[in-house]
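*Asks:* Generate the whole structure from the sequences, applying the supplied hints.
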Amino acid sequence: MLQNKSVIFALAILASPVIFALVVFPNTFSLGWNQGRGGFLFAMAFIAAELIGLKLDIPKKRLLMIIPLAGIVIGYLIGLEFGLKSYLVSAAPSFHVLLKDSWTWMWDFIILAAFFMVSMTVLFGKRWIRISPAGPIYAAGTAIILSLDAFFPYDSLGPLQYVVPYLVKLDVFLINLFHLGMATSHGNVMFLNGDHGPFALQVFWPSAGVHSIIIYSLVMMAFLLKMNIPRNRKVGYFVMGVIGTITVNVIRILSLSIFVLKVSTNVNEFESFHGIAGEIMFLPWLFIFLLIVTYVETKRIKKLGAGKNEPDQSK
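Note that full-length UniProt numbering has the sequence shown beginning at 1, numbered continuously upward.
Do not take every clue at face value.
To be verified - List time: in silico SDA-like cross-link candidates among lysine to any residue, alpha-carbon distance up to 20 Å: (1) K299 - N228; (2) K302 - I246; (3) K61 - M117; (4) K126 - M227; (5) K61 - V118; (6) K60 - L22; (7) K234 - L290; (8) K226 - I288; (9) K262 - V172; (10) K262 - I276; (11) K5 - Y76; (12) K60 - G75; (13) K299 - L54; (14) K226 - I301; (15) K5 - K55; (16) K299 - F287; (17) K226 - I131; (18) K61 - I144; (19) K60 - F152; (20) K226 - R130; (21) K302 - N193.
These aren't lab readings, by the way, just hints derived from the structure by calculation.
*Replies:* What follows is the structure, encoded as structure tokens:
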């Protein structure tokens with residue numbers, strides 16, 4: 001029981017900056033990946049999912065050591081409201097930043113990822129990468145994506161934009177196949193005509209969900225690293241996850257198109273839907289897929305263990 005209590009205390013300390021931000025600055029929490037701190041909740045959820053139920057005895061001294069770290073993060077969040085955010089925005093041109101919103105949110109996730117990684121190292125040593133890697137790596141991955149968006153917005157980062165026209169063509173094919181409206185494409189632009197009139201939809205790599213492939217890859221590799229299963233099974237799970245994530249991205253673009261074709265061509269309404277359409281699909285999918293992998297492998301290991309313990313009836 002004491003072991004479980006130490007894990008609960010650790011979770012409470014790790015979650016304290018996230019809870020503080022949610023209570024004091026609730027308007028900064030948006031599901032859009034580059035529009036706020038919604039990712040804080042998902043990063044913390046990953047950590048909680050991996051730590052809850054573990055029978056670990058974390059020394060009180062280590063728990064106390066991470067409290068000041070949580071205080072530093074909370075101090076950073078408060079500092080943003082008292083001039084730090086203005087300083088970050090004013091410094092952006094010096095670094096040739098093109099999208100200031102992504103630049104400022106990037107620092108939030110850099111601070112959170114650093115806090116999680118340092119705290120995990122204090123609590124568990126180098127073993128943290130095998131105990132609870134998903135949350136810190138998700139936060140770090142989001143920071144990386146935000147930095148790419150800040151420095152190389154829209155279609156200026158060729159390698160990430162390369163696959164977008166193919167996803168757009170697939171979306172146009174599906175719209176016409178299911179008679180959802182009229183759709184054509186040219187490069188990364190879709191020309192849609194539905195119940196509410198014509199609409200041109202330009203798709204860049206974040207809207208196409210390319211960032212979710214990167215985040216998935218980072219989280220999944222960390223997750224599989226800690227699992228003691230054969231390499232071929234790890235590769236199989238990783239490939240299945242990539243296929244699933246690409247499928248979710250296709251559904252993401254299709255949902256944006258259907259909104260325009262069937263719901264509204266009002267730009268403000270479309271932007272509101274666009275802000276949540278991606279993460280509301282990708283993150284639940286990632287959670288569910290990780291749970292399925294965990295369930296299947298736990299069941300397989302138990303079955304193998306039971307088989308070894310059965311008496312030999314051949315004698």
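*Asks:* All the hints need checking, so say for each whether the structure fits it.
*Replies:* Against the structure, the hints:
A hinted pair counts as satisfied when its Cα atoms are at most 20 Å apart, and K299 with N228 qualifies at roughly 13 Å. With a C-alpha separation of about 32 Å, the suggested pair K302 and I246 falls outside the 20 Å cut-off, and the hint is violated. With a C-alpha separation of about 18 Å, the suggested pairing of K61 with M117 holds against the 20 Å cut-off. Using a Cα cut-off of 20 Å, the hinted pair K126 and M227 holds, with the two alpha carbons roughly 16 Å apart.
At roughly 15 Å between alpha-carbon atoms, K61 and V118 fall within 20 Å of each other, so this suggested pair holds. Taken as a hint, the K60 and L22 pair is broken in the structure, with Cα atoms around 27 Å apart against an allowance of 20 Å. In summary, the hint linking K234 to L290 is supported, as the alpha carbons are separated by about 12 Å, within the 20 Å threshold. Under the criterion of a C-alpha separation no larger than 20 Å, the hint pairing K226 with I288 is consistent with the structure, at around 18 Å.
Between the alpha carbons of K262 and V172 the distance comes to roughly 15 Å, so the proposed pair stays at or under 20 Å and holds. At roughly 18 Å between alpha-carbon atoms, K262 and I276 fall within 20 Å of each other, so this suggested pair holds. As the CA atoms of K5 and Y76 are separated by approximately 28 Å, the hinted pair breaks the 20 Å bound. Proximity of K60 to G75 is assessed by CA-CA distance (about 24 Å); at most 20 Å being required, the pair is judged violated.
A distance of roughly 18 Å separates the Cα atoms of K299 and L54; the hinted pair therefore holds under the 20 Å criterion. In summary, the hint linking K226 to I301 is supported, as the alpha carbons are separated by about 15 Å, within the 20 Å threshold. Only pairs whose Cα atoms come within 20 Å are accepted, and K5 paired with K55 is accepted, the gap being roughly 9 Å. Proximity of K299 to F287 is assessed by CA-CA distance (about 18 Å); at most 20 Å being required, the pair is judged to hold.
This hinted pair checks out: K226 and I131 have alpha carbons roughly 7 Å apart, not beyond 20 Å. Our distance criterion of 20 Å between C-alpha atoms is broken by K61 and I144, whose separation comes to about 33 Å. Distance hint between K60 and F152 is unfulfilled; the C-alpha atoms sit about 45 Å from each other, more than 20 Å. Restraint check for K226 and R130: satisfied, since their Cα atoms lie roughly 4 Å apart, inside the 20 Å limit.
A distance of roughly 55 Å separates the Cα atoms of K302 and N193; the hinted pair therefore is violated under the 20 Å criterion.
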